[in-house]
Amino acid sequence: MSLESVLFYFFAAISIVTSILVISSKNPVLSALSLILNFAGLAGVYLTLYAQFIAVVQVIVYAGAIMVLFLFVIMLIRPEAERNYFQERKSFKMLTIGIGVIVLGQLMFLIISGTSMFTSGGHSEQSLEVGTVERIGWELMTSYLLPFEAIGFLLLAASIGAMVLAKKKFE
Amino acid sequence: MLVEYIPLFLVIAFAIVFAFGTVFSSKIFGPQRPNPEKLSTYESGVQPVGTTHERMSVKYYLVAMLFIIFDLEVIFVYPWAVQFKKLYLDPSVGTTAFYAMLIFLVVFEIGYLYVYKKGGFKWD
Chain C
1 MSLESVLFYF FAAISIVTSI LVISSKNPVL SALSLILNFA GLAGVYLTLY AQFIAVVQVI
61 VYAGAIMVLF LFVIMLIRPE AERNYFQERK SFKMLTIGIG VIVLGQLMFL IISGTSMFTS
121 GGHSEQSLEV GTVERIGWEL MTSYLLPFEA IGFLLLAASI GAMVLAKKKF E
Chain E
1 MLVEYIPLFL VIAFAIVFAF GTVFSSKIFG PQRPNPEKLS TYESGVQPVG TTHERMSVKY
61 YLVAMLFIIF DLEVIFVYPW AVQFKKLYLD PSVGTTAFYA MLIFLVVFEI GYLYVYKKGG
121 FKWD
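Residue numbers (this note's numbering), protein chains in the order written: chain C, 1 to 171; chain E, 1 to 124.
Pulled out of the complex, with its shape left as it was, chain E reads as follows:
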């Protein structure tokens, strides 16, 4: 069972090794001659003022929240789509699975319409 996922582990391991490898190899092999001028944030610009933690607009929160909600919707559609043929051909389930997903999506799309009408997708 788990053997099927070994290619996936290899891809992830390669990604990690590549990401860290490229960053640290430049540190190891590259010449290091730092001076205070080089290490400043903007070498030939204005000096930075204040902290790095700027407060961001709440609009970003709305985008992130809506993204999660739509993401979750797709997660629930996915197992249904994988099993749909088997569910439809099973006499004990039949069209119930289709209508169950229809109700789920209709209920969900009410929220979508609400957000759309209230201008949740507009960036003003």
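Just chain C, same shape as in the assembly:
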């Protein structure tokens, strides 16, 4: 096994173990902290898959910014009230299990139907280049100009939405 595959399996193992910790722990703050480790492991997985820019963004945005938000949201809610949430709503629990099964089935289908496409070629020169920041900058400004502008509007909507939701004295 090459160094890359060793690192890939190492980071993948970290991601899997920490994601199990996220859903199994009773304490929501502990779940959130496991999720930070999970994001760090995922960043390593991205790096070994030659998605360098995504790996860095994963650390900066997910492990940095989004986890701060997650922890704040956990501290905004009352955990002991949430604990009884599913005990009172039995049908809701079945619904969440159903959604989980559907998402799992979809992922399995994508993995099984998709693997033959990606494993046949191995590492080509193009796939080594595709994840660099230079390549992403180029593609963003040429082929994906319209989605890029749409992101601007999405961020605008997000900032206005956050204000409307969270500002108390809102006129």
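It is possible that some hints are incorrect.
Simulated DEER-style distance windows between Cβ atoms [as the list claims (entries may be wrong)]:
#1 C:17 to E:10: 16 to 24 Å
#2 E:41 to C:134: 47 to 55 Å
#3 C:134 to E:14: 27 to 35 Å
These are computed hints drawn from the structure, not numbers from a lab.
Positions of the beta carbon are idealized from the N, C-alpha and C atoms, including for glycine.
Once you have looked at the hints, place chain E on chain C.
Structure of chain E alone, referenced to chain C:
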């Protein structure tokens, strides 16, 4: 390709080893003589009341949310800035890249102005 990132892995590995090492070495090498008085939350203070999960003000959520939004904006500016010279010198792109980023930032700054005018940056 991946070899370039070995220094980064080394830094991260060193940080992890150092963080865990300093915490656990004090546990291993330090004397351990606990008693109930020492293990209480405030050894010579009032007894703590209630849970550790205090509900926090929603103002913190607003700060965190705005932080994410501005963080994402910078993430999108970064690849553009790296490639700007190449994009500008390319005849098929030229000034389009400049104006595309200008439109993106103007649209974004409308949100910034909205938050500013509504007092989103004030802590009241």
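- Message: The hint says 27 to 35 Å between residue 134 of chain C and residue 14 of chain E; measuring C-beta to C-beta, is that right?
- Response: Taking Cβ atoms as reference, residue 134 of chain C and residue 14 of chain E lie about 29 Å apart, which means the hint holds.
- Message: Given the hint of 16 to 24 Å, is the C-beta distance from residue 17 of chain C to residue 10 of chain E inside that range or not?
- Response: 23 Å, holds
- Message: Given a hint of 47 to 55 Å, does the C-beta separation of residue 41 of chain E and residue 134 of chain C actually sit inside it?
- Response: Holds - the Cβ-Cβ distance for residue 41 of chain E and residue 134 of chain C, about 53 Å, lies within 47 to 55 Å.
Every hint, counting from the list given before, is met by this structure.
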